[in-house]
Amino acid sequence: GERPIFVTGTSGSSGTVAQGIINALIAPNNTNVARPVIFAPSVSHWLALVNYESGRQVFDLTQARPTALAPVVMAIWESRLQAIQDTVGYDEIGWEELLEVLNSPNGWQDYGIPNGRRTVYYGHTDPFISSTALSTLIAEFYASARANGFTGRRLTLEQVNDPVVQDGVRRIEQLIRHYSQRTTEFKEYIAQGPDYLDFVALEENDLIYINQGLTEYRPPEQLVALYPKEGTFWHEHPFGIVNADWVTPEQQEAARIFTDFVLTVDVQQRVMESGFRPANPDVSLGYPFVPENGVTVEGPSNVLDVPDPEVIVAVQQSWAFVKKQADIWLLIDISGSMEADGKLDQAKQAALAFLDNMESTNRIGLAVFSTDIQILVPMDTFESNEAELRQTIQSLQTDEITELYAAIVEIVGLMNQAEDDDRIRAVVLLSDGADTGERGVTLNDAVNIITASRDSLNPVIVIPVAYGGDADIRALNSIARASNTRVQSGDPANIQAVLQIISSYF
Numbered sequence: 001g002e003r004p005i006f007v008t009g010t011s012g013s014s015g016t017v018a019q020g021i022i023n024a025l026i027a028p029n030n031t032n033v034a035r036p037v038i039f040a041p042s043v044s045h046w047l048a049l050v051n052y053e054s055g056r057q058v059f060d061l062t063q064a065r066p067t068a069l070a071p072v073v074m075a076i077w078e079s080r081l082q083a084i085q086d087t088v089g090y091d092e093i094g095w096e097e098l099l100e101v102l103n104s105p106n107g108w109q110d111y112g113i114p115n116g117r118r119t120v121y122y123g124h125t126d127p128f129i130s131s132t133a134l135s136t137l138i139a140e141f142y143a144s145a146r147a148n149g150f151t152g153r154r155l156t157l158e159q160v161n162d163p164v165v166q167d168g169v170r171r172i173e174q175l176i177r178h179y180s181q182r183t184t185e186f187k188e189y190i191a192q193g194p195d196y197l198d199f200v201a202l203e204e205n206d207l208i209y210i211n212q213g214l215t216e217y218r219p220p221e222q223l224v225a226l227y228p229k230e231g232t233f234w235h236e237h238p239f240g241i242v243n244a245d246w247v248t249p250e251q252q253e254a255a256r257i258f259t260d261f262v263l264t265v266d267v268q269q270r271v272m273e274s275g276f277r278p279a280n281p282d283v284s285l286g287y288p289f290v291p292e293n294g295v296t297v298e299g300p301s302n303v304l305d306v307p308d309p310e311v312i313v314a315v316q317q318s319w320a321f322v323k324k325q326a327d328i329w330l331l332i333d334i335s336g337s338m339e340a341d342g343k344l345d346q347a348k349q350a351a352l353a354f355l356d357n358m359e360s361t362n363r364i365g366l367a368v369f370s371t372d373i374q375i376l377v378p379m380d381t382f383e384s385n386e387a388e389l390r391q392t393i394q395s396l397q398t399d400e401i402t403e404l405y406a407a408i409v410e411i412v413g414l415m416n417q418a419e420d421d422d423r424i425r426a427v428v429l430l431s432d433g434a435d436t437g438e439r440g441v442t443l444n445d446a447v448n449i450i451t452a453s454r455d456s457l458n459p460v461i462v463i464p465v466a467y468g469g470d471a472d473i474r475a476l477n478s479i480a481r482a483s484n485t486r487v488q489s490g491d492p493a494n495i496q497a498v499l500q501i502i503s504s505y506f
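Just so we're aligned, residue 1 is where the sequence shown starts under my numbering, counting upward by one.
None of these hints come from the bench; they were simulated from the model. Note that this is a predicted model, so its numbers are computed, not measured. Take every hint as true, because none was put in to throw you off.
Derived DSSO-like pairs: lysine-lysine, alpha-carbon spacing no greater than 27 Å straight-line:
no.	residue 1	residue 2
1	Lys-324	Lys-229
2	Lys-324	Lys-187
3	Lys-187	Lys-229
Model the full structure from these sequences, guided by the hints.
This is the structure we're talking about:
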């Protein structure tokens, strides 16, 4: 007779779970191992990659049915998109027009935005982890290849490995303000308004979520979906039923029945209410797919073909040399208050964790402040100074007073002297208390030097981390606002996780 089917869901980033399944098959002793019955990534790229990387037919791609549809969009402020359309005189906008804003002498001011920045703020996530980022990076390669004469339907290794095409992708990546490991950060970040980001790569459902006011910050104006004229991908959220020794035939049959259930009209109606387009054609498209939520009923007009898995792998492997590189100062408070509750020891471990995923070509330096402001490790490529950074961090000791404002003025001033306009410039500031300095440097001085940087083609990003219960939140908030960033909050229990998230920005 019939038996009940019990389904337990576990969340995880598509790339992380995909790698976990690969590891379960070929490296079962790895710390990241996943053995699901159904793998439901955001997009089928990952199913093909699992088959390719494992050398096995783990998923029958012809039977991995879509369950919820969402195109990848550029979520852009309506005022920004309208300004571009008004300036160029047509509506079909893509990477070409966004790059023209970046290359325009006065940036957004040349597009009629009062007090507009000279630069563009764009963000996307990590293509090894995030489906949205992987699709976006593939789309950037398509756009660059087409701009350089490629007319084929499907991207190939020839285009991905072409230095001219790679250089075009690198130019698109110059729009980046910073990266992030997860879409979660960008959803909250962009909701604060155009001062924080001009546009960000998201799934369409995330854009609807923001416009419905469901983020911590209610958007000051409407975000709209830009479906790039060069093309984008549909994310179909397929249910891939695993063919592996940990899945029984009975479980596979149960998975097929569960997939049928998810595709019923009632469930698909709920899927649509959550901002996804229904995969069941018997469900008519309705709310929330209305202009008030920044989307069109039609969706993208140019949908890209999914490349072969070896091409997707090549796109991922290109990431290290097409992404925007970064110059980073790690600025750590070592005043006397850091001695309490083991805060300095935890901060050291967090700083070391910050380095764990650092790109070798990023440049990073270490500075500390207490009574004095000291540059302990001069900025250099991470591959050159990693050992010195780690050794110096481990040997940090506390001192007396907190020259917070003077430290910011000195380090931001130092970074402003750098002439590289093609690299992210960032100061990651870890502080646990109020400024008690004796040099006469004020909060206004710190804010002013950060604000002045915003008028340059490559503003310095200052990311304050309020560490512990005694941090001066008011001052750190002022510093964050001047830099159009957010205060990150940490304590000895979570400071390592906080700095690891920040490290993914670069």
